[in-house]
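Chains as they are written, first to last, in our numbering: chain A, 2 to 410; chain B, 465 to 769; chain C, 1329 to 1819.
By construction, these hints were calculated from the structure, which means they are not laboratory data. Don't take every hint at face value.
Listed below are the simulated SDA-like cross-link pairs for lysine to any residue, each with C-alpha atoms no more than 20 Å apart in a straight line [as the list claims (entries may be wrong)]:
| id | chain 1 | residue 1 | chain 2 | residue 2 |
| --- | --- | --- | --- | --- |
| 1 | A | Lys-281 | B | Val-614 |
| 2 | C | Lys-1760 | B | Arg-555 |
| 3 | C | Lys-1760 | B | Lys-763 |
| 4 | C | Lys-1400 | A | Glu-361 |
| 5 | B | Lys-763 | C | Arg-1482 |
Computed from a predicted structure; not experimentally measured.
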Amino acid sequence: MKKGKRKLQSNAVMLIMVLGLVAAACGTSDDTTTTTVAPTTTAAAAAATTTAAAETTTTEMVPVVCEATIGLMAPITGPVAFIGEVQLNWAKYAVDVWNEGMGWDVKLIEGDTMFDVAQSATLAAQFIDNTDILAIVGPAGSDQVDAAGAVFEAGDANLTFISPSSTRIGIAEKYAGMFRTVPTDADQGPSTSAFMVDAGASKVFMVDDQSSYSTGLADVTADSLEAAGVEVVRESVSQDVTDFSALVATIPDDTSWVYLPWQVAANGQIFGNQMAEQGKDIPIFGSDGMESEDFTIAGSIIAAFAGDIAGIPDSVPLLEGFLEQYPETNTFGPPVFAAVTTELVAIDVLCQSGNDLTRENVLGAIQAINRPTSILGQAISFAPSGDLIGGRFFFFEIQEDGTKTAIGG
Amino acid sequence: MEFFLQQTLNGLTLGSVYALLAIGYSMVYGILKLLNFAHGEVYMFGAFAGYGVLTLLGGPASPVVPVWLLLILMFAGAVVVSSAIGVAMERFAYRPLRQSSRIAPLISAIGVSFFLQASALFLFTAGFRTYDTPKLIDISTGITVGPIRVWLVRVLVIVGTAVVMVVLTLWVSRSRTGKAVRAVSFDREAAEMMGVNVNHVIVVTFLIGSALAGISGVMTALVFGRIFHFMGFIAGLKAFTAAVVGGIGSIPGAMLGGLLIGMAESYTTGYISSTFQNLIVFGLLILVLLIKPTGLLGKPQLVKV
Amino acid sequence: MPDSSDTPESRPTVEEAPTGIGVDEWVAQAGELREGHRGLTAPARRAFDSLRPGWRLAIVAVAAATVPYLVKPGGVRIAIGILILAMLALGLNVVVGWAGLLDLGFVAFFGFGAYFYAIVASEQLPAHWPTWIALPIIVFFSGALGVLVSLASRRVAGDYLAILTLFFSLIFVELVRNFQRLPFVSEDLNLTGGPNGIPGVDPWDFFGFKINTFNRHYYVLLVLIVLLIIVLHNLSSSRTGRAWRAIRDDVLAAEHMTIPVNNMMLLAFATGAAIAGFTGTVFAAVTVGVFPTSFTLAFLITVYSAVILGGAGSIPGVLLGALVIGYLPELLRSPRLAGWLFYFGLLVALALLIRPWQRLVAVIGGVVAFGYAVRIVAAAVWSDATTGTAAEGFISELLDGWVLILGENAQIITNIAFVAAIAGALAVTVVKGWWQVAVLIPTIYLGVLVWENRLVFQPSLTRQLVFGALLVIMMAVRPQGLLGKRRVEIT
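This is chain A alone, in the form it adopts within the complex (with noise of 0.2 Å):
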């Protein structure tokens, strides 16, 4: 009898449940979020309001504040969470700074990747889905970026998407609605090279770690050594590799630079030390993948896809805002900042206008788009192609005490 009795309450329990979720999950469909946190220091709101405000094509009249929901695709858990993370925190800065410095009420709504391409496909279906966003920033793979284009396409969305990292050559040209924040790898290959046979190279050390960013660049960077008469040895690591001893027991005694074009800096910080421990004494080059806290060995020279941003006077105010607020950054942030800024900035040049803010109108403004500065110290305007004018790298070497100063490039 008892038992009977138990078994309905819980059966009654279930259904209720059953049906809960249901109900939530139809009034999820036009579901969006704040992900806010405690206002920013009135610096920083200052200087993205002078250079918002410089950027908007001037009106006489009062401002008018609109609407907008940028939608962000980044891996930010899973195996790459401390690139998804940081692009997670800059994203959501610019959208507090901006907030602050127009007045508007910006809404960020947050997708994880997990750097795979199903969960980016789905979750650009579910992008799609969402009419309240008119432009994404993301994703940061250029996996991902070809997973989610198919799937804009496929669905005719009209949506932009800026990647703020994802660097192989000729994917902007694919999607209509791809645009990038960040220079190709046909610009650090040739760029790395040539710094390399300017300080006079004779052999280098090239190791990828078989991702796509890693090999792209490496095989763009041996041909450009290759054709100016240097000898490049390649090797590959897989990213899971926990101990390079024994790939750094082979590296030849007459190696000018050891090339390590890596998304994982932590990795090479590994690398470096386990070079000294077995008395190698060749400088390290690194990518702007390895444009981080996590690598200081001293005298390498890394890249960077934007001048250290501490290194620009405008930028500065910005760099230090978002560190009272997150706990750290890397070189992959501030493309994020300046790629959810262009949005912005073409959205409030739609609205002030008086154009509806349709995805198309974004898609199109953002393709006119000329902005005279940015947080990465350069203008921001798109090719054809949807890549980057104007994008360069910038080389630092690092100093004993691991602050970087800028050379060359």
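Add chains B and C to chain A, keeping to what the hints say.
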């Protein structure tokens, strides 16, 4: 010759770390016939616990206690945290499933693994942490073996692992609980009928296996430097491989398997190519399994009718 | 064997039948058989089960066919992903659920089919084979690969088979990623695209009818799955299916009953591999590209979760499992829904587990009182500790005056609260009586504290936490899977 010695050394260091982790897998499997996919996460938390102790006591550049004491405390902290997680895992995720099919605990283990990874992300955030060991023990301190210099930390890892393995083997063969462990892994029901407290033995097994994982985590972080929330996944995979290749259920087998994989990785990278390191090592292991289907030191399983 | 704590509460009831020595499958399922179907939805379920399988399938298929009309286009894309997972789950079910072989290399067959299709139907070579030629060839070769792998692993059994097949899948990913670097392959033959994969795959094309919109993909997939289910159902009730189940339960006995065990295992592997390869071609066409990162161990785990959670060995079970595992993470992306789930689930769990109702009232009342007490104490001790902002949303606003919203030191306090809440939750399952109430109250409060202060702002992380916890809880509560039948392992 120098090159060969160098690679051997690298292989030994790597292999030691794998071996310690593999022992935990093997022990748990021997007792419960369970592949504990969450073992790697225990290792990861051990490494973080060591990091916590290190930071609390002043950090690598300026520790407030002498270096040897600091290391002992780091290992102790890791052991405490790892064992706690391991025992909790057994008690809450695996014990309810003891009577069910073999596959059900696998999913539970996967769930625990996701949960622990996400918890690590929550507690520590996504960035990489490093022990920065060169600041603690300078790279130039070490011993000289023939033509090469060996960093003290590597010596520590190799010697430490050897000591642990010797102690463990003695414990398993001589002590009462050790014998109970062997009895339960051989035949659980018979052991129970002989008066062995099976629950107690299982908890002890998890405790020791997880403690070893914690130690392995701290060692890895000391030698190789970086820790992050996802490090357990890959390490767990390698350790699982080592345990199976050595003969799953056999502790000396796990040690042998771990060392074998470490050396194979080193020699492959050194003499063939680092690009195909994983490929060749896996191929090698497949060969081993095909030649000896129950693993190197595994006993052929008797099938009772 | 009785557990050492043999109190009245721990003795098994009929619902949890004993397993172990001398217990067979019939007894293990006795509880369920005797109870029959009880509860609110019982009449509907009984009616459904009494229909012939064909009708059941028809009802489900028709219901599924209406999905594109009910959801927006993105939802159809998600449904496509679920259907792909379902197909894979059906294939894995053949190997794991019916034949009982732990095949950890399943994802490699999936990848093989996907890459094969991508190579023959894209600009990679270039080759643009017509679909009606490509598909049967790929299915055939996938099955052949399955036979090969099975042959190679003939000598190994059980968990060694698992590791061997695992190596196989790991080797596959490595090979595909580094193909053009192999010493005997020329640099110009870029067969697999290396780490970049092969983007730009042709869509399926049946004599001019291209499958390149979401709806078309969906319906084609639906038809294929229905056909597959019919085939598999017939296979399952045939001699082959019975032979497989015999092998799963006891290999030695099966052998003595003159079942050709090795051949049956080969067949199971080949069937599973063929299904996986076929699904691979679907995946390649839908994703318009293949990448090495799609075929990793993580995805294998997803497929396994779907099969086992749903109930290995049961076709409706794995379909349900695929639906849950495919859809739940997408649902959990939305923080508002995750919030609803959290509080709802909490209340439901409390209602179910705490009896009698007086205790339930005590707990809830206690939590509310505890919350106010903490707030008063915190305000008195730290004046600026409570300067954070609450999240938006109906529930958060409701709780704004009650729960402590931290400002400074939020990270450390919530970290400690998190660990304490987990420890408390675990402890609650161990203690009994009024101790449960005493431990439960601070645990619940700490849980809400962590939720409102941090987790609600980190939906992606929460998604993983909830998913992992759900897997553990679901398996603990129902180890045979949602629609599986309890079985006894003969060890």
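Taking the hints in turn, this is what the structure says about them:
1. A:Lys-281 <-> B:Val-614: The given pair, whose Cα atoms are some 14 Å apart, holds under the 20 Å limit.
2. C:Lys-1760 <-> B:Arg-555: holds, 16 Å
3. C:Lys-1760 <-> B:Lys-763: This hinted pair is violated, its Cα atoms lying about 44 Å apart.
4. C:Lys-1400 <-> A:Glu-361: holds, 19 Å
5. B:Lys-763 <-> C:Arg-1482: holds, 18 Å
Of the numbered hints listed earlier, the single one contradicted by the structure is hint 3.
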